[in-house]
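Read top to bottom, the protein sequences are chains H and W.
According to my numbering, the residues represented by the first sequence are 1 to 190, in order.
According to my numbering, the residues represented by the second sequence are 1001 to 1250, in order.
No lab work stands behind these hints: they were computed from the structure.
Be a bit skeptical, because a hint or two may be false.
Said to hold, decoys possible - Where chain W lies over chain H, by a calculated footprint (3+ residues, C-beta under 8 Å):
1) 47-53
2) 64-77
3) 169-175
Quick caveat: nothing in here was measured; it's all calculated off a predicted structure.
All residues carry an ideal CB built from backbone N, CA and C; glycine is no exception.
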Amino acid sequence: MQESDHLVVRAVVAGDMEAYGALVRAHSETVFRVAFGITGNEADAEEIVQEVFWRGYQNLKNFERRSSFRTWIYRIAVNCALNRVSQPRIRAEFRVGDETDVPEKTVQVAAQDPDPERVLLSNEISAAQEMAMQRLTPTEKSAFVLRHFEDRSMSEIAELLGMAPNAAKQAVFRAVQKLRRELAPLLGGA
Amino acid sequence: MKHLGEQEFLDLYCGEGAKSVNAHLEVCRECSTQYAKFKKGLALIKPAAASKRSVDYGEQVWKALRPGLTPYREKISPRWAWAQWRARALAVACAMLLAVAFFGGRYWERITTKKANLTGNAQATKRVVLVVLTDHLDEAERLLVALEHTESSDKAENAQLQSDARELLASNRLYRDTARNIGDPGVASALDQLEGVLAEVSNGPSLTTADLARVRNEMNIEGILFEIRVLRTRGANQGSVPKPAKGESI
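For reference, chain H alone in the conformation it holds in the complex (with noise of 0.2 Å):
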């Protein structure tokens, strides 16, 4: 895949832009999935992938061959949603969001379940899980998120932080703390 990647790259940058194509296809889920794990807002994860793909194509020339395109292009999608995280509109409609959207989509989704206990505690633990997501810093949810949604190892999570191996495994660290602490009611002291 590396490799593929590499050739299409190669092809890319020596004029071939229908190339290009192709590494869009094959990484905008991944990357919709991280900006969306970071921001936790679907419009600015489906903008922060036209951007993310729009930034890589401009830069593909930097792009050092050594490393890998996905690894390259996920360090861009977590710049990008960093970057829109910590803009203040981002935060407000966060704080907004803790109040007003958690019990709405509760009762949305346990009408439709066939099995309304086992729905209305799962969708309890989602609400309560994206309230605790939503309490840590960009750092910690974008360690937690690469780490534990995307599977990427530790070293691969301290590249596309640019952070050293340790600090991002603090980070790791930290977010679990806080979510477990947040999440453990329902989880019944698990």
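Since chain H is already given, all that's left is putting chain W on it; use the hints.
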């Protein structure tokens, strides 16, 4: 026995647990249970449903992105670009130099040709005038010598002298004007003085011995004669064709 903490559980969860930690987990039931709870708790934290996209999501992203992109041009190294620029600049400089040399040469040729023509024409005209003038000067010299030396009171002889002077007077005016027009002040001045003498001799009703003596005294015949001889010599030198040197082909 010291039990494992959250940090060790996280290391294990991340696949980075030390061998001793793994060994402890195998023997310690309490830690094993705690780690199982830790993993179960984390497993319940799942990505939101909204993070799932349709199968053709990548295609949608590409369609939205594609119109805003422009193809990369083939990469040209800075050194090659510099070399190309230098070559173009050199070619332009050479072309400009050639053009300047060509038009400058043509301009120069035009100027020098015009000057040469002018000079050549003037010199040729002077030469023609001097050649033609030689005969006139010969006749004038003879007349002046006769004036200088005649003591005769013979009327017929004096009338002939007067008649010759009148003929010479008309042609002398013509030569004097021509010499002045072509810019030869020396010839013009000599002919002017000669004209004065010729006019004095020609204008009287009849030339007497007293008239001749007056002309000789007043008009400096000797001086005019000397100038005319000089002019004749000059005319003979300029009008003659140079002889080829010995052994030179013509």
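Hints and how they fare:
1. 47-53: Coverage by chain W holds here, the residue count being 3 at a Cβ distance below 8 Å.
2. 64-77: violated (count 0)
3. 169-175: Coverage by chain W holds for the stretch 169-175 of chain H (3 residues, Cβ < 8 Å).
The structure fails hint 2 only (numbered hints given earlier).
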